[in-house]
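Below are the chains, spelled out letter by letter.
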Amino acid sequence: MRPFTFTQAPDIATAVQEVSSDGAKFIAGGTNLLDLMKIDVMRPSHLVDITQIALDTIEETEQGGLRLGALAKNADTAYHPLVEARYPLLSHAILAGATAQLRNMATDGGNLLQRTRCYYFYDTHTPCNKREPGSGCSAINGYNRDLAILGTSEHCIATHPSDMAVALAALEATVHVTGKNGDRAIPFADFHRLPGDTPHLDTNLQPDEIITAIELPAKGFAQHYTYLKLRDRASYAFALVSVAAALDLDGDSIKEARIALGGVAHKPWRVPEAEALLQGQPATRENFRKVAEAYLQGAKGYKDNTFKIELANRAIVRALEQATKMEAIA
Amino acid sequence: MSPENAPGTAAAQRPTLPETRTVTLRVNGTSHQLQIAPWTSVLDALREHLQLTGTKKGCDHGQCGACTILLDGKRINSCLTLAVMQENKEITTIEGLAKNGELHPVQQAFIDHDAFQCGYCTPGQICSVIGLVNEGKAKTLDDIKDLMSGNVCRCGAYANIVQVAQEALERNTGL
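Residue numbers (the numbering used here), protein chains in the order written: chain A, 7 to 336; chain B, 3 to 177.
Hints are all accurate, no fakes.
From the derived model, a few chain B residues whose C-beta atoms are all more than 12 Å from chain A: (1) His34; (2) Arg49; (3) Glu97; (4) Asp114; (5) Ala161.
Which chain B residues face chain A? A few, computed with CB under 7 Å, are given here: (6) His63; (7) Lys76; (8) Arg77; (9) Ile78; (10) Asn79; (11) Leu82; (12) Val86; (13) Met87; (14) Asp148; (15) Leu149; (16) Ser151; (17) Gly152.
Read the hints as simulated data drawn from the structure, not as lab findings. Built from N, CA and C at the ideal position, the CB exists for glycine as well.
Using the sequences and the hints, build the whole thing.
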């Protein structure tokens, strides 16, 4: 690992001040950052430890929602009684990711900021527009089985690796940040970016901004939900395709549906117009198929990942059936 | 000044490394003051500075679990943790489990169940089983398998490791 200098920030103002210097980065759980530093993909010259700042509480909001402090650990969040009771979709999604060790270390804010697991991003011997802007994309014509089928650009087909973020997209969370220009509340759909011609930017967080909290709205879809994660082994693997599905049902009729896809794009993938097709409709496989078709509109396969289009299509249908019946469907 | 460090030579132009820091780590009930660079992982601090080599370096990327230790009773990968960030925490390693000359029940169970072959992953597996008990979230066999998936055993002793975990949960043999 390249040498770096290190300070501990006692409060948010100091943290924001210190991260504004050239080459500075925050460190909290460090599970992704230190890994990327060891292989020379990320090269901060200064690390600002933010773990001394009291941002790890999980508390109810006046609006009936829940506020997850940015430094709350993934494990503590997934097992928090209020998360389990009111937002079981989020709990299941977090527990579908990583390992017990990593979830004990990783923070909620850091989870959103983790980098893609595209092999070429990790391999410093190959071009990668995300790692070295302008150097080219090795994945588009390379081995791309794990990579994106939606929202890609000619510059990048990386996927966002988080499971937690897929649930937060479906639940329409808000990301609270603060920086030199004050506080901002970013709707979850606007937090992560598509690659376009700036694939080196994963999110709309500014370099001097820090995530302070993730806020969940009151509506948690605790009655009908599922997080379906399809991967090459049953535990500790990134999603080929994942679906966070949440339904608000009145008998067999759907009042509201939320669907977010993971493993298929540079950000959790939502298509609100497609979700709206289910509004007021009966919860039937036929209707779920229509929504799935609408979700995969414009999907584009590359050499090795074309299978994901059909896989995602079927996964959406199965996830919605599971959410309706609240039982696993083989 | 030695000749190789004279101004204008390559050595003098090399960037100077940031200063080391004094860090106090509490390991297995004892406080240790270390003078370490900020990029020193807890794993390297244990192995290289405290000569506690029971905790193993497998992949050094958080994928294999050989470096698993307990931090305030919970499992973490010590390879992905900076030592300078772990002051005022209680670190427990494989060396801290036996008490008064008696193996920790989970250590004994690994022997009784023949739950290892080469033994390289074993210190991490043992700490992980103890963490599994402490964390209290495993209720079923599937839970055990899922919550132990961060510890790889390339000899393939998984079936017996799972037996150890089942026994440890039944007997509640945490820290």
